[in-house]
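**Student:** Here is what each chain is made of, one letter per residue.
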Amino acid sequence: MKQSTKELSRFYFSLPRIIAKIRGSDPRRAETNAIEAWAAGLLFYLISYVFFVAQFVPRGLRHWQTALLLVALGFFVWLFWLLLLYINSLIIKLLHSCGLFRTLPSRRAQSILLGIATTAMAGALLLRGSWMRGVGLFWLLAVGANLASALVLACGRNAGGDSK
Amino acid sequence: MRRVRVQRSSRNWLRRFAVRGVFWRECLDWAIINLPFYFYPVLVTFWTFFFFFFAAPARRAIVANLAVILPGSSRAINHLRAFRTLFNFAWTISEAAIYKLNREEFAYQISGAPWLDQLAAAPGAIVLTAHMGNYDLGAALFARKFNREIRMVRAPEPDRQTAEHLSSSLEQTGEGAVKVDYNTAGALLSFDLLNAIRRGEIVSIQGDRAEGDVGQIDGRLFGTKVRLPNGPFVLALAAGVPIYPLFIARSGYRSYEIIVREPIAVVRSGQARENDLAEAVAKWCTVLEELLANRWDQWFAFTPLLLSDETKH
Chain H
1 MKQSTKELSR FYFSLPRIIA KIRGSDPRRA ETNAIEAWAA GLLFYLISYV FFVAQFVPRG
61 LRHWQTALLL VALGFFVWLF WLLLLYINSL IIKLLHSCGL FRTLPSRRAQ SILLGIATTA
121 MAGALLLRGS WMRGVGLFWL LAVGANLASA LVLACGRNAG GDSK
Chain X
165 MRRVRVQRSS RNWLRRFAVR GVFWRECLDW AIINLPFYFY PVLVTFWTFF FFFFAAPARR
225 AIVANLAVIL PGSSRAINHL RAFRTLFNFA WTISEAAIYK LNREEFAYQI SGAPWLDQLA
285 AAPGAIVLTA HMGNYDLGAA LFARKFNREI RMVRAPEPDR QTAEHLSSSL EQTGEGAVKV
345 DYNTAGALLS FDLLNAIRRG EIVSIQGDRA EGDVGQIDGR LFGTKVRLPN GPFVLALAAG
405 VPIYPLFIAR SGYRSYEIIV REPIAVVRSG QARENDLAEA VAKWCTVLEE LLANRWDQWF
465 AFTPLLLSDE TKH
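These protein sequence lines are chains H and X, in that order. The first sequence: position 150 = 150 (the numbering used here), numbered continuously. The second sequence: position 32 = 196 (the numbering used here), numbered continuously.
In case anyone wonders, no lab produced these hints; they're calculated from the structure. A portion of the hints provided could be inaccurate.
[Said to hold, decoys possible] Computed far set for chain X versus chain H, every beta-carbon distance over 10 Å: (1) Leu-199; (2) Lys-343; (3) Arg-418.
[Said to hold, decoys possible] The calculated label-pair distances, taken between Cβ atoms and stated as ranges, are: (4) Pro-235(X) to Leu-151(H): 41 to 51 Å; (5) Gly-416(X) to Pro-105(H): 18 to 28 Å; (6) Glu-313(X) to Leu-151(H): 43 to 53 Å; (7) Tyr-346(X) to Trp-131(H): 47 to 57 Å; (8) Pro-105(H) to Pro-235(X): 44 to 54 Å.
Treat the numbers as computed from the prediction; the structure is a model and nothing was measured. Idealized CB from N, CA, C, for every residue including glycine.
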């Protein structure tokens with residue numbers, strides 16, 4: 001444990017890390033940033049929530065019925081995530097037992113699988129009209145920018161021989 | 165006979181899923197090992213909703229305690245405050261598990277640093293704390309920072325498997341420097357703790373809740389009579405060591421405040437022993453009252469301790 005909060009201002013995702021690097025801060029990966037944890041968690045949740053709203057909330061319902069369905073859906077999405085996380089853990093276990101990605105920690109593997117699932121949902125939202133398309137597009141842009149930042153960071157590491 | 169045995173074993177198995185069962189602790193450990201960190205906030209929020217509804221006795225106890233801590237407060241608002249308390253509790257146990265399993269970084273600041281240094285250098289002392297904030301993490305931090313061994317005395321858990329899980333978690337978090345004992349009625353533990361203090365060890369006891377058959381003493385919190393464990397005060401008197409009030413409050417995401425208050429000396433005045441103890445208990449109640457008034461959202465004593473005198477009658 002540290003007696004300072006410096007550690008807590010570092011980032012996990014490549015996009016904020018590259019911004020931190022440009023601004024002269026520490027670009028090393030850390031899992032200690034509160035804003036990042038809340039923002040990423042809520043974004044994952046929002047995409048899946050909007051996806052299920054698009055699937056299960058029909059138009060033309062009464063206001064109170066829609067409101068009730070939206071609240072119930074909030075808990076349904078949570079249960080969906082619990083189930084998906086468990087299924088993902090079984091997939092990871094299977095891959096590890098087949099000798100694949102053994103060096104990849106479970107948490108990172110989950111992160112990749114969850115990213116794929118959420119991107120698929122965002123892709124499906126793109127096919128919808130109105131504001132849902134905007135939500136899907138926002139996710140895809142964020143993922144694209146993050147992957148591009150990861151590439152830049154990796155290239156910078158290789159070019160500079162930086163081990164961070 | 166066989167039928168009774170089957171019924172008993174299925175009841176034991178079902179107990180794992182009770183609110184204080186070990187199943188939820190194991191789920192938490194699984195989540196900390198297997199899930200990316202940015203999933204914790206949303207999951208913690210939803211689990212808080214889940215336990216807010218299903219852990220009804222704990223919720224009611226928080227609301228009852230809040231009614232005394234915050235006189236004149238509305239019952240409806242106190243339910244929202246109870247949610248906040250459970251939310252803090254969820255974060256606290258999650259962060260203790262994060263430290264135990266992933267060895268992640270935490271930030272902390274100290275309030276009352278001179279007393280903490282005094283405690284670290286003390287040849288045997290008693291730390292008196294409450295079911296507040298992250299005392300598990302705090303003990304591990306203290307043991308690591310000052311390279312001292314700590315004996316933690318906890319109220320017994322209602323579920324045996326949960327108690328085993330908690331003990332092993334604490335010992336794992338403290339990397340062998342934290343030993344856990346359970347506060348039961350037996351006199352053997354008292355002698356054991358007295359010897360530990362005389363050997364120069366630090367004994368940490370939770371002094372805000374007296375449960376079961378342990379020795380009790382009257383105190384007053386927020387103008388209300390409460391029953392507190394008398395063990396720490398008797399031990400301090402017998403060993404001739406001071407009591408250090410110490411609390412670990414959560415101050416933000418992976419950030420804590422270590423609060424140490426002026427040591428309480430329990431001295432033989434030549435009067436009756438009860439008077440010496442009562443004086444120390446009154447000082448402890450003053451410290452506890454101040455802390456609870458400011459940090460009511462981190463008091464995790466999930467039993468109604470602060471029933472008003474009228475309600476008790």
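**Student:** Each hint: holds or not?
**Tutor:** How the hints compare with the structure:
| no. | hint | in the structure |
| --- | --- | --- |
| 1 | Leu-199 | violated (6 Å) |
| 2 | Lys-343 | holds (20 Å) |
| 3 | Arg-418 | violated (6 Å) |
| 4 | Pro-235(X) to Leu-151(H): 41 to 51 Å | violated (60 Å) |
| 5 | Gly-416(X) to Pro-105(H): 18 to 28 Å | holds (26 Å) |
| 6 | Glu-313(X) to Leu-151(H): 43 to 53 Å | holds (50 Å) |
| 7 | Tyr-346(X) to Trp-131(H): 47 to 57 Å | holds (56 Å) |
| 8 | Pro-105(H) to Pro-235(X): 44 to 54 Å | holds (50 Å) |
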